[in-house]
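Top to bottom, those sequences are chains A and B. All the letters of the first sequence, read from the start, carry residue numbers 1 to 136 under full-length UniProt numbering. All the letters of the second sequence, read from the start, carry residue numbers 1 to 136 under full-length UniProt numbering.
Everything labelled a hint here was simulated from the structure, so no lab data went into it. Take these hints with a grain of salt, some might be off.
[Claimed, not checked] Here are the simulated lysine-lysine pairs, DSS-like style, with alpha carbons at most 27 Å apart:
1. Lys107(B) to Lys71(A)
2. Lys71(A) to Lys24(B)
3. Lys131(A) to Lys103(A)
4. Lys103(A) to Lys4(A)
[Unchecked claim] Covered stretches of chain B (in silico footprint by chain A; criterion: 3 or more residues with CB under 8 Å from a CB of chain A, positions within the stretch not fixed):
5. 5-13
6. 39-51
7. 112-125
Cβ atoms here follow ideal geometry from the backbone N, Cα and C, with glycine treated the same way.
There are 2 protein chains.
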Amino acid sequence: MAIKTPYVAVDGIIKVFDENENFKGIVLIERKNPPYGLALPGGFVDVGESVEEALIREMKEETNLDVEIVKLFNVYSKPDRDPRFHTVSIVFLCKAYGQPIGKDDAKKADVYRLEEIPFEKLVFDHGKILKDFLNS
Amino acid sequence: MAIKTPYVAVDGIIKVFDENENFKGIVLIERKNPPYGLALPGGFVDVGESVEEALIREMKEETNLDVEIVKLFNVYSKPDRDPRFHTVSIVFLCKAYGQPIGKDDAKKADVYRLEEIPFEKLVFDHGKILKDFLNS
């Protein structure tokens, strides 16, 4: 039996705090590869790792932050959410301290205050994900 | 770039009610294919369908029930949870009315009272999933 399913990815809504536990905002990255624009940090799950392991690895690779997973936020799976192919994204809420640094697939990584999220620059369905987050 | 990720599946914890809204139990199926044993109804997500669509389709195929999704329950992704290959399972809590009928990959489908779940017969990590459910 040949099994064919969508790809599985993880994305992180990283709440960033300073050393005094003040909430500073969430992290968005500027993508190095198409589709170009801003996005939540994330990436594909490797065979042999759990989604939680993938999330922590991808957040470190793209933002240099060591995140702590707070909880599963939701799963996004509309077939057209990724213009390249069908990708199911498992989205986690997580927290971290310090300043992100864009690395790997991220040209830049910055903290955005919730009032300043540039929705028009977000790729995939990350605008919807963040609106769901703001409404949650 | 060749992308390789785990397979994506959905599984349903179906709470069954009678016509008077009395809770009767949850549905387990007897698997027709290896690994043999009891399991939550579920199956692989097809390319081109959302995980919610896959859940409703698989519940109908395996139990003949028309389920209503209540909420996302959790995601299970340990690499060794499926003895055949790495499968990420997205588990939904749902509800349905009536008597299940085992079809397709299910030799049988029955309603089990929560006090009578035969944990020793459950395959994959479905025993853990149901313990998490009972503790939730």
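Status of each hint after checking the structure:
Restraint check for Lys107(B) and Lys71(A): not satisfied, since their Cα atoms lie roughly 36 Å apart, outside the 27 Å limit. Between Lys71(A) and Lys24(B) the CA atoms are separated by roughly 30 Å; this puts the pair beyond 27 Å, and the hint is violated. A hinted pair counts as satisfied when its Cα atoms are at most 27 Å apart, and Lys131(A) with Lys103(A) qualifies at roughly 26 Å. Distance restraint check for Lys103(A) and Lys4(A): the Cα-Cα separation of roughly 31 Å exceeds the 27 Å cut-off, and the hinted pair is therefore not satisfied.
Counting residues of the region 5-13 of chain B whose CB falls under 8 Å from any CB of chain A gives 5; the rule of at least 3 is met. Taking a C-beta to C-beta cut-off of 8 Å, the region 39-51 of chain B contributes 8 residues in contact with chain A, enough for the three needed, and the coverage statement holds. Note: the region 112-125 of chain B has 0 residues with beta-carbon separation from chain A under 8 Å; the three-residue rule is not met and the coverage is violated.
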